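Chains as they are written, first to last, in this note's numbering: chain A, 1 to 392; chain B, 1 to 392; chain C, 1 to 392; chain D, 1 to 392.
Honestly, the hints are just simulated from the structure, not real lab data. A quick note: this is a predicted structure, and the numbers were derived from the prediction, not measured. A couple of the hints might just be wrong.
If several chains are the same, the list does not tell them apart, and a pair holds so long as it fits within one copy or across any two.
[As the list claims (entries may be wrong)] In the DSSO-like style, the derived pairs of lysine-lysine whose C-alpha atoms are separated by at most 30 Å in a straight line are:
#, residue 1, residue 2
1, Lys-102, Lys-116
2, Lys-236, Lys-116
3, Lys-31, Lys-102
4, Lys-31, Lys-112
There are 4 protein chains.
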Amino acid sequence: MTDFAAIAPLLEGQAIELPSWAFGNSGTRFKVFGTPGTPRSVQEKITDAATVHRFTGLAPSVALHIPWDLTDDWAALRAHAEEQGVALGTINSNTFQDDDYKHGALTHTDPKVRQKAIDHHFECIDVMHQTGSRDLKIWLAEGSNYAGQADLRGRQDRLAESLATIYERIGEEQRLVLEYKFFEPAFYHTDVPDWGTSYAQVAALGERAVVCLDTGHHAPGTNIEFIVMQLLRLGKLGSFDFNSRFYADDDLIVGSADPFQLFRILFEVIRGGGYGPANPDGHSDVAFMLDQCHNVEEKIPGQIRSVLNVQEMTARALLVDRVALASAQEAGDVLGAHEVFMDAFSTDVRADLAAWREERGLPAHPMRAYAESGYQQQIESSRVGGTQLSWN
Amino acid sequence: MTDFAAIAPLLEGQAIELPSWAFGNSGTRFKVFGTPGTPRSVQEKITDAATVHRFTGLAPSVALHIPWDLTDDWAALRAHAEEQGVALGTINSNTFQDDDYKHGALTHTDPKVRQKAIDHHFECIDVMHQTGSRDLKIWLAEGSNYAGQADLRGRQDRLAESLATIYERIGEEQRLVLEYKFFEPAFYHTDVPDWGTSYAQVAALGERAVVCLDTGHHAPGTNIEFIVMQLLRLGKLGSFDFNSRFYADDDLIVGSADPFQLFRILFEVIRGGGYGPANPDGHSDVAFMLDQCHNVEEKIPGQIRSVLNVQEMTARALLVDRVALASAQEAGDVLGAHEVFMDAFSTDVRADLAAWREERGLPAHPMRAYAESGYQQQIESSRVGGTQLSWN
Amino acid sequence: MTDFAAIAPLLEGQAIELPSWAFGNSGTRFKVFGTPGTPRSVQEKITDAATVHRFTGLAPSVALHIPWDLTDDWAALRAHAEEQGVALGTINSNTFQDDDYKHGALTHTDPKVRQKAIDHHFECIDVMHQTGSRDLKIWLAEGSNYAGQADLRGRQDRLAESLATIYERIGEEQRLVLEYKFFEPAFYHTDVPDWGTSYAQVAALGERAVVCLDTGHHAPGTNIEFIVMQLLRLGKLGSFDFNSRFYADDDLIVGSADPFQLFRILFEVIRGGGYGPANPDGHSDVAFMLDQCHNVEEKIPGQIRSVLNVQEMTARALLVDRVALASAQEAGDVLGAHEVFMDAFSTDVRADLAAWREERGLPAHPMRAYAESGYQQQIESSRVGGTQLSWN
Amino acid sequence: MTDFAAIAPLLEGQAIELPSWAFGNSGTRFKVFGTPGTPRSVQEKITDAATVHRFTGLAPSVALHIPWDLTDDWAALRAHAEEQGVALGTINSNTFQDDDYKHGALTHTDPKVRQKAIDHHFECIDVMHQTGSRDLKIWLAEGSNYAGQADLRGRQDRLAESLATIYERIGEEQRLVLEYKFFEPAFYHTDVPDWGTSYAQVAALGERAVVCLDTGHHAPGTNIEFIVMQLLRLGKLGSFDFNSRFYADDDLIVGSADPFQLFRILFEVIRGGGYGPANPDGHSDVAFMLDQCHNVEEKIPGQIRSVLNVQEMTARALLVDRVALASAQEAGDVLGAHEVFMDAFSTDVRADLAAWREERGLPAHPMRAYAESGYQQQIESSRVGGTQLSWN
């Protein structure tokens, strides 16, 4: 098997974007539990995100959600982020919380509602120019609950038209990233339910339109690494929303439900050229992001655990002896090829990663270091009063 | 096939309990859309539920949820209901919305939290004595999100103990009804995830402890009518929560996602003696109830449509020629038996049901009659101010 | 709602292709049960298929599977079919039963194996020229069982190359139809697992390459009518393999597991211009075909029941009042639109269809007529000796 | 975390029974691929199974399937096994390959067919007396494909009666083990589809009737370790059929699809007293067995890999620091408890296990040792002629 020393340089520069909303409260339709120390402002969210980066070196940027993170002074927010050591990243639009969008937004039958949703995206693009963001990510929470309720085809055509209008507006260096989701909040049909639909829609737009793969947004049993492979092959994998699940879109900590699946996904990302540092030219256009809900666990350590999980599985995936693997595959040696693959997965890289971190001035054990840092106690005692943020 | 005239008497006395919360707002974790006319009080919910009964003759009682429907004058509420023509029915407890219950209630490691949850059920039993309710329904929203987070076995044992304490308190004419659910709000393990667990728990309690089957609470592909059969066979089917789903616990209108499944379920209910009027002694202990969310459609017509769907599929299921069916089954005539079964399902009973309703002084077309009644307009204009109720 | 009289003309010319193999024995990996009268030759299969057509008027052609249906005299076989009143239809290739294909065929790492699989398709194309078939249908039973066993990306690239070679060979009037399947016989990855992959592959080939949608080949919960809509929108829906399922690729009689789903699919076919007679120009390029296994039921009546189910749900889908539907959809009237849709589904069209058949000289009740015809008894007594055909 | 040295003694005596049929050919309904060296007799199967034991020390017994492994000299077969160093184990009955069982066996409407199936089990019990087997394992491949085809309730009642008759016949030291399966070969209903049904049936029989949990026989998303916990709690977990799956009953190598799930299952087995060596009294009544199909990989190394996977995950599960875990669980420390759990899972125990093996005179690397042993080449060259066995 490949040696850790050989792959250590490939871990340099790994970057996983954190979502600002992960630091606010979240929950289920039944209950949102609050926790002491939860941010009351976008500034506090960014401060928390920067804390994750400080302890791990893995999370140099923060994704924002509009309108949740709207501010009237973007320059100040950007300065705040930079001061904390992180950048502002992907801008996420929201077409699911306005009463007008009950029956659709970019797909709505009423052109006025569609225009309102398009205008919202124009506003997001304006924000991007101020934050220096590359990606406009669109998750369409649109669909219907009852057969017959909606004209599936009409909605798809209107979606294409709305997206084209938005796409025309993004800058030369910007990208439109279209996320798909199997179901929820719509329970009969969803307008972008699978990678095929997202791919067909972005392919019709142009080169700067790509697909976002959220690891929790698939039907039971779906082979996600296959989709990773296919989208990379088609040149359309734009970004990941990482999280994990046992059932539906559970939004659990990435790697907590099925670590082996995360390993397989990352192997396929690397194999297909989607992992920056492992690429010949040292970078890739595939953005790694978290999108999770910390319903019952603490948020900052939840995010630390998440980026560590991604790093750990990246390291294991890099350890796969690809020459031996290819050779066993060519020979039709089923068990041999599987064993080469599993050898890497079975390797405990934690001690090597701890040493790697220390060499770079990072804490060997970020979870422990955070617990001992007093940060949590500090925000719990200082963030009193105000309204804790959640999905608002 | 059996004639409608022959089954008409068996439709008499069909009763489907409505949940008070169906008349309040509900939605997903992303957004709860409000609608004009939504009740601001439990009294208004009951008035709406009574309206459904007035138009259909199918919904003579209303289930309450504690604490959502708490009042300080139960006698007055009961009088209000009776005045409107309905009775107060099942009492549903709630162990998922108090901050203390973040990591469990009846299963919690802390005996103080368990006692608090038990006390809540004692309070529910007190309410039952005042409302004249027979059933205490317990849905346990308890579980964990991460492997290792909880001791599965310890929780199961504590659950058994808590339930036993509650069971001891219910009256001689009362029942404890334990609902199971595959997942949500917990995403790794749920303490009562399947009918087997619910059955094992209630069997340990005694005769007056039974299972509630919510049609939306199963893994993909589960044969629900088989469970109906089994629970009736074991004498432990206490009640239904009717709704329908394509994916998870979608809580859509019963019969809207898979009408044939509803037909199969009702056939098995009848076959197993779980349908009152079709029984030799004219009644059954299996309670029919709705448990749905009207996220995007109007609530009162949503409930009317639901009880009509149950009635329609009950009529079709009663139409199955069971003598011919048994004969084909015995002969191993696969296609013949299937055809006897499908003959009933393919029969359009709507005109017969309309006539049946008219004979009983009910509107032939309840949906249309409601739309023309002006009730909706009246509540929309009169229910101004106050706070619309949702799951609170 | 639309009247049956109005849609009756649209039922003219409906054609559902029967698979020759449906008349042979089939089963599970555990056991294949034989039945008396099962064909011993491709001629007998065609005779049985023609019988289905004679009783229903719905099945004017028969799909063949190579090598199962190989003959050394295609002209004679064609003449036999014509004599019986049916045509030879789609040619299905087979890359899953040769020992060389254990680890792949069109995707194999060994160019010799790939060439063998390509040559097999060339042979199929030769057959098509002799049978007058339009469609070459390719179902790839290729994939792997263990992570690491295969190079997902390399296989996809080789598949593209193999398909391109085959595509170049098909005639100007012929089509290459690529079927996708979620899983089985491969249990970790399948090379064409979803519509997106099939679409991406055929889009790269050219205009005469299209997708085959088998209704049983999807992940649990997949909204199939959405895929129908999307493929029609993209101009790439080539054909259907109809069957139904509760779990995996169960290959049950179409419409037997979820009649409402079949209704929704057919509605979307009609809405998207995929149903011939309902189209302005009276025809569509979407081929309807059955692909089922009659493991425990009789085969010929099983096929009769199947085409009747498709016809019945086509009639109901044609009955949808699309003007009223569009109007309710535009108004955001969720329950109203759903009701318009369900009105058609709830309509019992059997008596109308029986009359429609009689007007056309067909038996009013094909199942009954077949049972009374003596055909089954005749084949049971005459087809003695020889080897009953199954998937060989 | 617990030290390997501390758990090493608990690995002593771990025993995983091998199924004789794993050494024969198996496949899907589409194709069974043969491999050189496949046994032509039950003796050769046992010789192969003993080889697995020789290289791993983990597989001291072989399960037999009747009638596949019938012999007219059981004493000789028993002697052959003992000579090879293994014992004969569980006897598996077969009620799915006789034409009479097309529509059921123990559940059939015809009492003659039921009696035939009961008699088959009597024969199995006779075999058990000669082989010295403790367990009679019954997997019921019974069910129906179409709604209405069968009377679900009647079948369940007849099943209970048939099982009671069989149960009466087993010896004082013998057990009846009832396996459940979600679906296949039946595709609408299965007579023992879930653990609840198996539990209800065996609970009605008596103490020596227990449940077999096959890890591949559940609906998508099912939390299997929860069922393990529950059955152990109810005193009814009799045995495991180990294998793994991504989709349906894929019968892949245990631990190959989701190693973390296997870890969780084994943790729950240990926690609940189901793992012999870890128990106070040093043994448990829960039998570990494999039930897999090696469709594309070599069989003997496939079995070696499987028992190693079980051993490796057992070791990791034993490494869980249960004191620290309980403490974090009690404290409601979600991330802390999860981390204690994951620490054990993340530990690479392969080197320790290799040393452990060497201390016991076993090869450090059984897969490599087998490959270098020449056994495979020997059986390939010597087992020429005869008929390779598969499921017959």
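*For the identical chains here, do Lys-31 and Lys-112 meet the 30 Å Cα criterion within one copy, between copies, both, or neither?*
between (34 Å within a copy, 21 Å between copies)
_As a check of your reading, is Lys-102 near Lys-116 (CA-CA no more than 30 Å) within one copy, between copies, both or neither?_
The answer is within: 13 Å in one copy meets 30 Å, while 39 Å across copies does not.
*Could you place Lys-31 and Lys-102 in one of the four classes (within, between, both, neither) given a Cα distance threshold of 30 Å?*
Both. Shortest intra-copy (22 Å) and inter-copy (9 Å) distances satisfy the 30 Å Cα cut-off.
*Under a CA distance limit of 30 Å, which applies to Lys-236 and Lys-116: within one copy, between copies, both, or neither?*
within (28 Å within a copy, 33 Å between copies)
Checked against the numbered hints above, the structure violates none of them.
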